[in-house]
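Using the sequences provided together with the hints, build the complete structure.
The sequence shown: position 89 = 89 (the working numbering), numbered continuously.
FYI, nobody ran anything at the bench for these hints, they're computed from the structure.
For every residue, glycine included, the Cβ atom is placed at its ideal position computed from N, Cα and C.
Careful, some of the hints might be misleading.
[Stated by the list, open to error] As a list, the in silico DMTMM-like pairs of lysine to aspartate or glutamate whose alpha-carbon atoms are at most 25 angstroms apart:
1. K134 to E112
2. K30 to E62
3. K146 to D69
4. K49 to E62
5. K49 to E89
6. K48 to E130
7. K66 to D25
8. K40 to E89
9. K40 to D77
10. K66 to E130
11. K48 to E89
12. K66 to E89
13. K146 to E62
14. K48 to D25
15. K48 to E62
16. K48 to E34
17. K40 to D25
18. K66 to E112
19. K40 to E62
20. K49 to D25
21. K66 to D77
22. K30 to D119
23. K66 to E34
[Stated by the list, open to error] Here are the in silico distance ranges between beta carbons for each label pair:
24. A114 to R92: 38 to 44 angstroms
25. A114 to G145: 17 to 23 angstroms
26. P70 to K49: 29 to 35 angstroms
27. K146 to P73: 24 to 30 angstroms
28. M2 to G102: 42 to 48 angstroms
29. Q81 to V13: 29 to 35 angstroms
30. P95 to Q127: 16 to 22 angstroms
31. K30 to S6: 21 to 27 angstroms
32. S6 to S142: 20 to 26 angstroms
33. K40 to G131: 14 to 20 angstroms
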Amino acid sequence: SMSRQSIVQIASVNPALFISTLTFDLIHSKGAAERAGCLKLLGLFISKKPLILHPYLPRIVESMVKCLDPNVPQIRDALQQIVTVNFAEMVRTFPNVAFHHGSQRLAVGAVEGAVVVYDLRTATRVQVLEGHTKAVAAVSISPDGK
1 SMSRQSIVQI
11 ASVNPALFIS
21 TLTFDLIHSK
31 GAAERAGCLK
41 LLGLFISKKP
51 LILHPYLPRI
61 VESMVKCLDP
71 NVPQIRDALQ
81 QIVTVNFAEM
91 VRTFPNVAFH
101 HGSQRLAVGA
111 VEGAVVVYDL
121 RTATRVQVLE
131 GHTKAVAAVS
141 ISPDGK
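And the structure:
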C-alpha cells in the first residue's frame, strides 16, 4: 500500500528517528491496540527491511521485552503472541539475536560490543556481558541455557 511505502521511505532516510519514535510509542502507549500496531510494523521491517533495524536491535528488543511485563498482565496477554512471532523472526534473521526456549532467555549483541540477556518470563535484563571492543556479529546460548 501507499502508506506502507511511505513509512519504508521515511525509515530508510532517517532510521534513527523512525526507531526512536516506534520504540517510544511501543513503551509509552497506554492501550494494547496501539502497541500491537507498533509491533506489526516492526514485524514488517524484520522480515522485509532488516538492515534498517540492525544497528538499533538492542533498543528494539528492550522495548519489545517491556511489552511482556508480568506486572501488567492485560498488556502481556494481549501482546505475547505478536512479540513471540517477532522475536522468532529476529532470531532467524539476525545472527546477533539468540533465544533459549527452556530458560526463556533472549540475548542480543550490540554494535557497541555489549551482549544483553533478558529473561522473557520476568521481562527483565538478567545479564550484560561486556568485554568485546568491536561490534558483536553473532551470539548463541549454550544448550543448558547458561
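**Asked** So which of those numbered hints doesn't the model satisfy?
**Response** 6, 24, 32 and 33
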